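K.L.:
Following the hints, complete the assembly by docking chain B onto the known chain A.
Protein chains: 2
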Amino acid sequence: MSSTKERLVIIGADATGMSAASQARRLRSPEELEIVAFERGDFTSYSACGIPYWVGGAVDERDDLVARTPEEHRERAIDLRMRTEVLRIDVRGRRVLARDLEAGKEYWTTYDKLVIATGARPLRPSLPGIDAPGVHGVQTLGDGQALIETLERTEGRRAVVVGAGYIGVEMAEAMIQRGYDVTVVNRGKEPMSTLDADMGRLVHEAMTGLGIEMVNDAEVTKILTDDDGRVRAVATENAEYPADVVILGLGVRPETELAREAGLPLGDHGGLLTDLAMRVRGYEDIWAGGDCVEVFDLMSGRERHIALGTHANKHGQVIGSNVGGGYATFPGVVGTAVSKVCDLEIARTGLREKDARAAGLRYVAVTIESTNRAGYYPGAALMTVKMLAERRTGKLLGVQIVGREGAGKRVDVAAVALTAGMTVEQMTALDLGYAPPFSPVWDPILVAARKAVAAVRAADEQPS
Amino acid sequence: MSSTKERLVIIGADATGMSAASQARRLRSPEELEIVAFERGDFTSYSACGIPYWVGGAVDERDDLVARTPEEHRERAIDLRMRTEVLRIDVRGRRVLARDLEAGKEYWTTYDKLVIATGARPLRPSLPGIDAPGVHGVQTLGDGQALIETLERTEGRRAVVVGAGYIGVEMAEAMIQRGYDVTVVNRGKEPMSTLDADMGRLVHEAMTGLGIEMVNDAEVTKILTDDDGRVRAVATENAEYPADVVILGLGVRPETELAREAGLPLGDHGGLLTDLAMRVRGYEDIWAGGDCVEVFDLMSGRERHIALGTHANKHGQVIGSNVGGGYATFPGVVGTAVSKVCDLEIARTGLREKDARAAGLRYVAVTIESTNRAGYYPGAALMTVKMLAERRTGKLLGVQIVGREGAGKRVDVAAVALTAGMTVEQMTALDLGYAPPFSPVWDPILVAARKAVAAVRAADEQPS
Numbered sequence: 103m104s105s106t107k108e109r110l111v112i113i114g115a116d117a118t119g120m121s122a123a124s125q126a127r128r129l130r131s132p133e134e135l136e137i138v139a140f141e142r143g144d145f146t147s148y149s150a151c152g153i154p155y156w157v158g159g160a161v162d163e164r165d166d167l168v169a170r171t172p173e174e175h176r177e178r179a180i181d182l183r184m185r186t187e188v189l190r191i192d193v194r195g196r197r198v199l200a201r202d203l204e205a206g207k208e209y210w211t212t213y214d215k216l217v218i219a220t221g222a223r224p225l226r227p228s229l230p231g232i233d234a235p236g237v238h239g240v241q242t243l244g245d246g247q248a249l250i251e252t253l254e255r256t257e258g259r260r261a262v263v264v265g266a267g268y269i270g271v272e273m274a275e276a277m278i279q280r281g282y283d284v285t286v287v288n289r290g291k292e293p294m295s296t297l298d299a300d301m302g303r304l305v306h307e308a309m310t311g312l313g314i315e316m317v318n319d320a321e322v323t324k325i326l327t328d329d330d331g332r333v334r335a336v337a338t339e340n341a342e343y344p345a346d347v348v349i350l351g352l353g354v355r356p357e358t359e360l361a362r363e364a365g366l367p368l369g370d371h372g373g374l375l376t377d378l379a380m381r382v383r384g385y386e387d388i389w390a391g392g393d394c395v396e397v398f399d400l401m402s403g404r405e406r407h408i409a410l411g412t413h414a415n416k417h418g419q420v421i422g423s424n425v426g427g428g429y430a431t432f433p434g435v436v437g438t439a440v441s442k443v444c445d446l447e448i449a450r451t452g453l454r455e456k457d458a459r460a461a462g463l464r465y466v467a468v469t470i471e472s473t474n475r476a477g478y479y480p481g482a483a484l485m486t487v488k489m490l491a492e493r494r495t496g497k498l499l500g501v502q503i504v505g506r507e508g509a510g511k512r513v514d515v516a517a518v519a520l521t522a523g524m525t526v527e528q529m530t531a532l533d534l535g536y537a538p539p540f541s542p543v544w545d546p547i548l549v550a551a552r553k554a555v556a557a558v559r560a561a562d563e564q565p566s
Numbered sequence: 103m104s105s106t107k108e109r110l111v112i113i114g115a116d117a118t119g120m121s122a123a124s125q126a127r128r129l130r131s132p133e134e135l136e137i138v139a140f141e142r143g144d145f146t147s148y149s150a151c152g153i154p155y156w157v158g159g160a161v162d163e164r165d166d167l168v169a170r171t172p173e174e175h176r177e178r179a180i181d182l183r184m185r186t187e188v189l190r191i192d193v194r195g196r197r198v199l200a201r202d203l204e205a206g207k208e209y210w211t212t213y214d215k216l217v218i219a220t221g222a223r224p225l226r227p228s229l230p231g232i233d234a235p236g237v238h239g240v241q242t243l244g245d246g247q248a249l250i251e252t253l254e255r256t257e258g259r260r261a262v263v264v265g266a267g268y269i270g271v272e273m274a275e276a277m278i279q280r281g282y283d284v285t286v287v288n289r290g291k292e293p294m295s296t297l298d299a300d301m302g303r304l305v306h307e308a309m310t311g312l313g314i315e316m317v318n319d320a321e322v323t324k325i326l327t328d329d330d331g332r333v334r335a336v337a338t339e340n341a342e343y344p345a346d347v348v349i350l351g352l353g354v355r356p357e358t359e360l361a362r363e364a365g366l367p368l369g370d371h372g373g374l375l376t377d378l379a380m381r382v383r384g385y386e387d388i389w390a391g392g393d394c395v396e397v398f399d400l401m402s403g404r405e406r407h408i409a410l411g412t413h414a415n416k417h418g419q420v421i422g423s424n425v426g427g428g429y430a431t432f433p434g435v436v437g438t439a440v441s442k443v444c445d446l447e448i449a450r451t452g453l454r455e456k457d458a459r460a461a462g463l464r465y466v467a468v469t470i471e472s473t474n475r476a477g478y479y480p481g482a483a484l485m486t487v488k489m490l491a492e493r494r495t496g497k498l499l500g501v502q503i504v505g506r507e508g509a510g511k512r513v514d515v516a517a518v519a520l521t522a523g524m525t526v527e528q529m530t531a532l533d534l535g536y537a538p539p540f541s542p543v544w545d546p547i548l549v550a551a552r553k554a555v556a557a558v559r560a561a562d563e564q565p566s
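Chains as they are written, first to last, in my numbering: chain A, 103 to 566; chain B, 103 to 566.
Isolated chain A (complex conformation) (with noise of 0.2 Å):
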């Protein structure tokens, strides 16, 4: 224990930021360790992904998704400084330069540690008619509330959903539980681009079944107005989607002007570059976490930046426990995803096929249809499964998984399979649970890892 007082200073007070504080402070008695957050919003420790449930109705209030208000952070002892934006880092002179926002005031502050958490932004492209009136973005609760409030005040019942990722198609089922008829509009072939096509299509199918127009392979080239300047439709090259209200779902950028001014490494993607403990790279005292940085791939091996808030939690911890003077890492993701379109469950870990050929690896593939129960037990729907695995020694590359109920977080038993390194084969006797409300007596996953042992055996048969 230091005798000397230190000061850490959090730039975010989101996830990861209040994860890192919270954390840091069991560790560091207020004595020992002074702690100074920053956020430029209104919100604290809130669940940017239970956004949609809340437009959609689930989720009654906006309150149900902050998981502690400002002053729960205060009392314990957390100088959180609301509505207060960071304009500047200056890492000579560790320090930030902070300005508060209802003040209009601007003040230096220093700090031993510093913990970067800003997070990241939202694509908007710059389009015509972007910014009219009707048109949202969901990523802050603002966001949020913002767009609810513009659907109690509009008459109208079409919703045009631009991007069909997982914030598309997780609001596309929003405005169809508000009674909107919804079309999702989306560059990519299928819905769905951190799968591979051949599954996307089966989302695509699901989404159509629940009544939402899918639009594939369009570009998004204006959006329409009426003459009060509202927006009216969208527009691709080909045609005109009449819209009272325009979702945009297009994913996210690293939120790093602040890092990259201050001369901090960034990646290929914009994210800040960090080590296993998420320290910043080549800084001995600055740290930074969540959807700001770039996350270590373990399968390809790659930085890649995944704005998703389970990471940003761990991140969070890995930095409290480091800040607070115990070691703690974050090796890295193996790409796990889920979400859900109503009752269609759609998850994914690992490689895609277009990972596998960019990574230069030589795979093959399996899909396979099997249920959630047992096949005579009340309740038993399809399910797919696709599985990569590589040739020769047959380690499991990826899975992708689109079903009903109890579909989606099969994916864990591949995301610890893929952690391990297995092989298909090892997989094949895996003793998962098993009773007929909860599986087949083979369940998907090992279904799955049969076929894909005997795709390597007969690859391995043939020329290479």
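Treat the hints with care, as some may be off.
As the list makes no split between identical chains, a pair holds if one copy fits it or if it spans any two.
[Unchecked claim] In the SDA-like style, the derived pairs of lysine to any residue whose C-alpha atoms are separated by at most 20 Å in a straight line are:
#1 K497 x G523
#2 K553 x R128
#3 K107 x W210
#4 K553 x S124
#5 K456 x E492
#6 K553 x G426
#7 K291 x A337
#8 K497 x A560
The hints are simulated quantities; they were obtained by calculation from the structure and are not laboratory data. Model, not experiment: these values are computed from the prediction.
P.N.:
Only chain B this time, still in chain A's reference frame:
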């Protein structure tokens, strides 16, 4: 490919036997391999695990539980002889003595390769009244049919289930579904002795909450009958429990009389001992699998008897591959099991505290409460996870879960981690699927792993 036609004889035409037959047939044509299967009962390839759901009414028809009928097997060139019991195995003569139960005719038939898949028989204590009308086991489809006929004939509304393991709790659910008042009489301190008692306690409380009367620490001394000789109550040393029907759920023992008489090697639990390829130890041409064998427990390094359909099917698959000229293995189990009582899900894998003690391991045990979904998401419900880790190494030893929807199959993550030999520290970094409808931002397994890490560290700081 051999030019001499071989003859495969299979004793027992259920999960293991017929999986072996089917897989062998896939690999070897009828010109290469003749397959003869003997079944003393009336059914093939059925899901015994489904019987409670058939009795409870979730599954409509007996035949829903039959995966493949005798006719379907015969269409695949399998010479299936129903209602034919094998009376003796002559290992030296490579032949078996069969008895056609209909014709009353006995005959010897030779084999080149033999598969023993004789299953298990239910424990049936020799108590006064145990054979009275109204006392039922639920091991076979015939048992299930007999019970359902009794229930349809009987006016009564009081059921006593003897035993509180998987079958016991599932049958308690089934009888609740049928509108009965249910009492479970259990020898153990808490139900589900495959869990530690603290977790069993949660099952106890939930079952009580469902209106099931739980009687623990109680040994049945006799079955009391009325003047007609029909069951009227179950007696323990201390009390009598009125019963219109009694269901025995006391577990099973390997059915290995034939094997024992033939001099084949049996283990401490009475099951056949096999090698990794499911070959009976020391015998070149005899395989065995399913409920009549002991399986290798990867956690304890010892043989156990676990009657479970998923193992039986894997064994059959492995045997069929090996008999058919390929090579496959069954490395062992980590002891995963999952079950439910109404909406309470119960799961376990690996070692309990008493197993860890018996193995001479020094361990820490932690228990956490979390939810199946994000706390704010509709349907979020409590889940309790208990995790054991080895002191010093931090190696995961076991996980037990009791909770609502989505709790049970989470045990699979731990099953894979056990198989891979992961530490709880490694588990904290697992990239598990997260979205609010599927998990809190920290999956309950991760929360448990974090607490286990802290416990391992704290234990290290204490004198050992």
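K.L.:
Hint by hint, note whether the structure agrees.
P.N.:
Hints versus structure:
Taking the shortest Cα distances, K497 and G523 sit within 20 Å of each other both inside one copy (7 Å) and across copies (17 Å). For the identical chains of this complex, K553 and R128 are inter-copy neighbours only, at 14 Å across copies versus 49 Å inside a copy, given an alpha-carbon limit of 20 Å. Taking CA atoms no more than 20 Å apart as the test, K107 paired with W210 passes inside one copy only; the shortest distance there is 19 Å, against 89 Å between copies. Proximity of K553 to S124 under the C-alpha cut-off of 20 Å is restricted to the inter-copy arrangement: shortest distance 16 Å between copies versus 46 Å within a copy.
Proximity of K456 to E492 under the C-alpha cut-off of 20 Å is restricted to the intra-copy arrangement: shortest distance 13 Å within a copy versus 41 Å between copies. Within a single copy, K553 and G426 get their C-alpha atoms only as close as 48 Å, which misses the 20 Å cut-off; across copies the closest is 18 Å, which meets it. For a Cα distance limit of 20 Å, the shortest separation of K291 from A337 inside one copy, 18 Å, qualifies, whereas the shortest one across copies, 69 Å, does not. In this assembly of identical chains, K497 and A560 lie within 20 Å of each other by CA distance solely inside one copy; the values are 15 Å within and 37 Å between copies.
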